[in-house]
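Enquirer: As a plain string of letters, each chain reads:
There are 4 protein chains.
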Amino acid sequence: MAIVLGPIQYGKAETRLVRIVRDTARHEITDLSVSSALRGPFGPAYLDGDQSNVLPTDTQKNTAFVWAKKVHPDPIEAYGLSLAHHFVDDVEPVEGARIEIERYDWTRVEVDGKPHDHTFVRTGQEVRTAAIVLDGTAEHVVQGFKELIVLKSTGSHFKDFLVDEYTTLQPTDDRIMATSLTAQWRLTDAAADTDWNGMYAGVKAAMVSRFATLESFALQQTLWHMGRAALEAYPAIAEIRLTAPNKHHFLVDFSRFDEPNENEVFHADDRPYGLIQASAVRDDAAPAGDAWRPFTGLV
Amino acid sequence: MAIVLGPIQYGKAETRLVRIVRDTARHEITDLSVSSALRGPFGPAYLDGDQSNVLPTDTQKNTAFVWAKKVHPDPIEAYGLSLAHHFVDDVEPVEGARIEIERYDWTRVEVDGKPHDHTFVRTGQEVRTAAIVLDGTAEHVVQGFKELIVLKSTGSHFKDFLVDEYTTLQPTDDRIMATSLTAQWRLTDAAADTDWNGMYAGVKAAMVSRFATLESFALQQTLWHMGRAALEAYPAIAEIRLTAPNKHHFLVDFSRFDEPNENEVFHADDRPYGLIQASAVRDDAAPAGDAWRPFTGLV
Amino acid sequence: MAIVLGPIQYGKAETRLVRIVRDTARHEITDLSVSSALRGPFGPAYLDGDQSNVLPTDTQKNTAFVWAKKVHPDPIEAYGLSLAHHFVDDVEPVEGARIEIERYDWTRVEVDGKPHDHTFVRTGQEVRTAAIVLDGTAEHVVQGFKELIVLKSTGSHFKDFLVDEYTTLQPTDDRIMATSLTAQWRLTDAAADTDWNGMYAGVKAAMVSRFATLESFALQQTLWHMGRAALEAYPAIAEIRLTAPNKHHFLVDFSRFDEPNENEVFHADDRPYGLIQASAVRDDAAPAGDAWRPFTGLV
Amino acid sequence: MAIVLGPIQYGKAETRLVRIVRDTARHEITDLSVSSALRGPFGPAYLDGDQSNVLPTDTQKNTAFVWAKKVHPDPIEAYGLSLAHHFVDDVEPVEGARIEIERYDWTRVEVDGKPHDHTFVRTGQEVRTAAIVLDGTAEHVVQGFKELIVLKSTGSHFKDFLVDEYTTLQPTDDRIMATSLTAQWRLTDAAADTDWNGMYAGVKAAMVSRFATLESFALQQTLWHMGRAALEAYPAIAEIRLTAPNKHHFLVDFSRFDEPNENEVFHADDRPYGLIQASAVRDDAAPAGDAWRPFTGLV
Numbered sequence: 001m002a003i004v005l006g007p008i009q010y011g012k013a014e015t016r017l018v019r020i021v022r023d024t025a026r027h028e029i030t031d032l033s034v035s036s037a038l039r040g041p042f043g044p045a046y047l048d049g050d051q052s053n054v055l056p057t058d059t060q061k062n063t064a065f066v067w068a069k070k071v072h073p074d075p076i077e078a079y080g081l082s083l084a085h086h087f088v089d090d091v092e093p094v095e096g097a098r099i100e101i102e103r104y105d106w107t108r109v110e111v112d113g114k115p116h117d118h119t120f121v122r123t124g125q126e127v128r129t130a131a132i133v134l135d136g137t138a139e140h141v142v143q144g145f146k147e148l149i150v151l152k153s154t155g156s157h158f159k160d161f162l163v164d165e166y167t168t169l170q171p172t173d174d175r176i177m178a179t180s181l182t183a184q185w186r187l188t189d190a191a192a193d194t195d196w197n198g199m200y201a202g203v204k205a206a207m208v209s210r211f212a213t214l215e216s217f218a219l220q221q222t223l224w225h226m227g228r229a230a231l232e233a234y235p236a237i238a239e240i241r242l243t244a245p246n247k248h249h250f251l252v253d254f255s256r257f258d259e260p261n262e263n264e265v266f267h268a269d270d271r272p273y274g275l276i277q278a279s280a281v282r283d284d285a286a287p288a289g290d291a292w293r294p295f296t297g298l299v
Numbered sequence: 001m002a003i004v005l006g007p008i009q010y011g012k013a014e015t016r017l018v019r020i021v022r023d024t025a026r027h028e029i030t031d032l033s034v035s036s037a038l039r040g041p042f043g044p045a046y047l048d049g050d051q052s053n054v055l056p057t058d059t060q061k062n063t064a065f066v067w068a069k070k071v072h073p074d075p076i077e078a079y080g081l082s083l084a085h086h087f088v089d090d091v092e093p094v095e096g097a098r099i100e101i102e103r104y105d106w107t108r109v110e111v112d113g114k115p116h117d118h119t120f121v122r123t124g125q126e127v128r129t130a131a132i133v134l135d136g137t138a139e140h141v142v143q144g145f146k147e148l149i150v151l152k153s154t155g156s157h158f159k160d161f162l163v164d165e166y167t168t169l170q171p172t173d174d175r176i177m178a179t180s181l182t183a184q185w186r187l188t189d190a191a192a193d194t195d196w197n198g199m200y201a202g203v204k205a206a207m208v209s210r211f212a213t214l215e216s217f218a219l220q221q222t223l224w225h226m227g228r229a230a231l232e233a234y235p236a237i238a239e240i241r242l243t244a245p246n247k248h249h250f251l252v253d254f255s256r257f258d259e260p261n262e263n264e265v266f267h268a269d270d271r272p273y274g275l276i277q278a279s280a281v282r283d284d285a286a287p288a289g290d291a292w293r294p295f296t297g298l299v
Numbered sequence: 001m002a003i004v005l006g007p008i009q010y011g012k013a014e015t016r017l018v019r020i021v022r023d024t025a026r027h028e029i030t031d032l033s034v035s036s037a038l039r040g041p042f043g044p045a046y047l048d049g050d051q052s053n054v055l056p057t058d059t060q061k062n063t064a065f066v067w068a069k070k071v072h073p074d075p076i077e078a079y080g081l082s083l084a085h086h087f088v089d090d091v092e093p094v095e096g097a098r099i100e101i102e103r104y105d106w107t108r109v110e111v112d113g114k115p116h117d118h119t120f121v122r123t124g125q126e127v128r129t130a131a132i133v134l135d136g137t138a139e140h141v142v143q144g145f146k147e148l149i150v151l152k153s154t155g156s157h158f159k160d161f162l163v164d165e166y167t168t169l170q171p172t173d174d175r176i177m178a179t180s181l182t183a184q185w186r187l188t189d190a191a192a193d194t195d196w197n198g199m200y201a202g203v204k205a206a207m208v209s210r211f212a213t214l215e216s217f218a219l220q221q222t223l224w225h226m227g228r229a230a231l232e233a234y235p236a237i238a239e240i241r242l243t244a245p246n247k248h249h250f251l252v253d254f255s256r257f258d259e260p261n262e263n264e265v266f267h268a269d270d271r272p273y274g275l276i277q278a279s280a281v282r283d284d285a286a287p288a289g290d291a292w293r294p295f296t297g298l299v
Numbered sequence: 001m002a003i004v005l006g007p008i009q010y011g012k013a014e015t016r017l018v019r020i021v022r023d024t025a026r027h028e029i030t031d032l033s034v035s036s037a038l039r040g041p042f043g044p045a046y047l048d049g050d051q052s053n054v055l056p057t058d059t060q061k062n063t064a065f066v067w068a069k070k071v072h073p074d075p076i077e078a079y080g081l082s083l084a085h086h087f088v089d090d091v092e093p094v095e096g097a098r099i100e101i102e103r104y105d106w107t108r109v110e111v112d113g114k115p116h117d118h119t120f121v122r123t124g125q126e127v128r129t130a131a132i133v134l135d136g137t138a139e140h141v142v143q144g145f146k147e148l149i150v151l152k153s154t155g156s157h158f159k160d161f162l163v164d165e166y167t168t169l170q171p172t173d174d175r176i177m178a179t180s181l182t183a184q185w186r187l188t189d190a191a192a193d194t195d196w197n198g199m200y201a202g203v204k205a206a207m208v209s210r211f212a213t214l215e216s217f218a219l220q221q222t223l224w225h226m227g228r229a230a231l232e233a234y235p236a237i238a239e240i241r242l243t244a245p246n247k248h249h250f251l252v253d254f255s256r257f258d259e260p261n262e263n264e265v266f267h268a269d270d271r272p273y274g275l276i277q278a279s280a281v282r283d284d285a286a287p288a289g290d291a292w293r294p295f296t297g298l299v
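Protein chains in written order, with the numbering used here: chain A, 1 to 299; chain B, 1 to 299; chain C, 1 to 299; chain D, 1 to 299.
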């Protein structure tokens, strides 16, 4: 019975990179957090401290910066694909790479009704994400977002659920439904001319629209239909995964006060929260390979 | 030499209150964090554990909820004034009150180009704030915001500064200037018909516009002129205070790489950061009284 | 080509549960965050909004509370096993369950050199974790911790690494090595009489000791040897996984100042950070099944 | 009616400084966050962008690092006093300075029962703080801590409070009392030979002991008596200020379940929380001057 090395990977996380395009007086800004993980024959580094195959994480950071000059990082997916190929194609021992990118959105400021050339305000709504994975010869792109906080103030039921001896929840036909949505969708075929920014906007709009219009009988149902809406809108998407905290808004009990509370005043609770996870997949989707194998967390 | 009780206050902090207006199918949402602090003859509670003058913080929470039904919490300033007056006018021993409110903005979702009746997405940019203070017979309103993140990619210099033996910074005529601005402005005369929402939008626009158009020679100078712009735009503002971390964006050194970096690729650093504080005040402003005496932090 | 439901699960996250044992004047405290995820035939809830098989997350929360009375939640692993069995064995449609627990440690206060009966101070070092998984008939326990921040001020090298055109890092034979360690280890056979608290303390001590005594040539190597130390110390551990940010401490450049800096003054940087992941496994380990399938994050 | 410059200050915040003493094989570690604010004739920088009196915040950072070599930063108060005097005494235009320091505690690791020479684990309980202020010729030291989380599981009442129409809280003679305490105490006379580390430990112990032993009738009362205990123990302390969130632990309602809950199972709530502030002062204390004028926040 021997103890052997299991899965490994290493890289640089959260390089905060800002790229300004200033070829004309009208500047553009791209604001990113870039992480890279390398996979390959790094066993000797772990077992024996032999670094000869190890490209330092400091070098990975430098490369992310240089690549932001070589390849414009908007859309982030094209930049990530190029950076991943550099690590796998140009650095001898590297066999696989995962590039994770977060993009923070900025809005151009208006002054006297006209867009300003070089001043921006952070938009701050959801964070756009991308994961680019090279896995042997396969190329995966997982586009997505996190922290998209949506709420509907009616059109949400929760009733006819399983009741056991510890169940005290009352059924309802009118509640607030709110969540901070994380969604990631995997592309089967990342064509060179993919309109990444258009797809991002389109998927988000399709999901938010479905969230708004679907009469909800559970967050589970809402998530599934949001995911399905994304796949219906974009045939190139093979699969989508969603995770959604049920951000509870409790109706405040006014029974002892001199006012009624007819679904008007709520307490937005922090914890605990329901956590609902869903996924939708095409039944003929190409294999996911390492597409979903994460960088952070446990290997 | 005796040990005596110094300044005191107590209250409830961060009641997360969501108010839905649903009189018609087209709902409205107001999303707040409400804190209240009471001031008055509470010495016996501290010295002897005698609670007879102490309105529980739990009651303050209940009252904030009920008040959101009695007085629509939009604008937050009118709601806060009414709540503060309730504590001071209706609860016998209370002599002064401070209501602090944070407001989180939501945007109505569009579906097929039309605004949806009851679905919203959290906007997430800056947090609007208000502090309402009753101080004896004086009434103070401090309107403001925090976490307004603005950036200009040129038009910012820093040079001709004091140099000593520990100075290594190089002067520059072209740098990124970015900050996460906190600003609060005090009203001398909170007239009953004040257009609080209009003033908020106007002050913010005036400050962002000045940030954009002023050629900057220091964040200090930029802050002062932003503050002055607010006072110039609204005569009712007696005073404004600003605090602004200088969110450093360092040009990445490409000298050893095969690419130039002509103010294009930056590292957005977390810490340390410069912290610049400024204020602008009318020379005939009415006294501030307790307007700036905070709730959180040390008394 | 159809769109079908992929992996799903749902549950209640972060129920903050405090259990006081007060059978005698000398109280005991156990302070937990409990999360539960259920797996089973919940497809109709997603596809059609049919909740008849869905035990509400609110009920899961209630059950976690009641179970803290029925089964003393110290050690957390025994409590988690009992709670997981309740969901799988007693609630008809549930087929699998994952219980995740965080434990926050408290130290009994001393007054005049004697331990006080009912006063505690939060210890606040690492957070102890447990994941208990019922997966068909298999029972998995994954014990661990997160946020164990360790540092050695010498005895760490990094050199002889791969150098490419973007490498600027200098090799070193003396640096600070620091990390905020997350480690989780999987038990092959959770015997009823396992001394969970003893094992936890023993694994932690073995890993910290190895961290201290191993001359390090890379964080990769240090992690592997820490993991191996755990498996060497406890034959019941089948596998261990570690993830460790390399918390960089950069030597401050004093070359322009009137003082030398001989590995004495460092800047502790926030981001970016190296992120190193490792695992050690017995070559005859029983299959992991769903042991590592997480609750939070994407399914 | 003119608009004029009000209060100003500027500085560098949160320089994360780690100092290793390695004169022998047995190393020592001091881990700090250092912030400095300068006060003086900086009006031209604000009004006109004239930096000639402005010592860059980057220089302040450099100086904090160099000073950690010149003056051992343990105790932090002596280091802070020296650094403040450098800014005020050695840098011509500077008239006042505030140095704020946070200290993160590390514990030496034991290996085989013996303390290890150069390996440490972050202790992580409370954060020790110091503020050193030079204000004209006056010298102030404010010692303190934050995030000291204490809890007593009995010995706490809350009853006989003021009841109005919005009061629903029930009185109790047995509840959990818990808080995350921030305390700061001001020294009247910072003698050169003050045992800062001894005083810190002594004040903390006196306050924790009083928290444990005092039968509590309100958090207000507990805070006052903790503050008084500090002043009784150390005559050099002129004044102490405390701020304490009442971290509510709600008894979970088991009335519908098959178990009693006799003050045994609690839900630790996040928000809202009571916030209680107190202070104790000697009636002949020397004036505080700028001792309490903060760095961060609004001027």
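Keep in mind that a hint or two might mislead.
The list makes no distinction among identical chains, and a pair is therefore deemed to hold if it is satisfied within one copy or across any two copies.
[As the list claims (entries may be wrong)] Computed list of lysine-lysine pairs in BS3-like fashion (alpha-carbon distance at most 25 Å, straight line):
#1 204 x 114
#2 247 x 69
#3 159 x 204
#4 146 x 247
#5 70 x 114
#6 146 x 70
#7 159 x 114
#8 204 x 247
#9 69 x 204
Hints in this document: simulated from the structure, not taken from any laboratory.
Enquirer: Hint by hint, note whether the structure agrees.
Expert: Hint check results:
1. 204 x 114: Between. Shortest inter-copy distance 16 Å satisfies the 25 Å Cα cut-off; intra-copy 28 Å does not.
2. 247 x 69: between (41 Å within a copy, 22 Å between copies)
3. 159 x 204: Neither: 29 Å inside a chain and 45 Å across chains, both beyond 25 Å.
4. 146 x 247: For residue 146 and residue 247, both the intra-copy (15 Å) and inter-copy (24 Å) Cα distances are at most 25 Å.
5. 70 x 114: Result: close neither inside a copy nor across copies, 31 Å intra and 41 Å inter.
6. 146 x 70: neither (28 Å within a copy, 36 Å between copies)
7. 159 x 114: neither (51 Å within a copy, 30 Å between copies)
8. 204 x 247: This pair counts as within: shortest intra-copy Cα distance 20 Å, inter-copy 30 Å.
9. 69 x 204: Answer is neither: 29 Å inside a copy and 34 Å across each miss the 25 Å cutoff.
Checked against the numbered hints above, the structure breaks hints 3, 5, 6, 7 and 9 and satisfies the rest.
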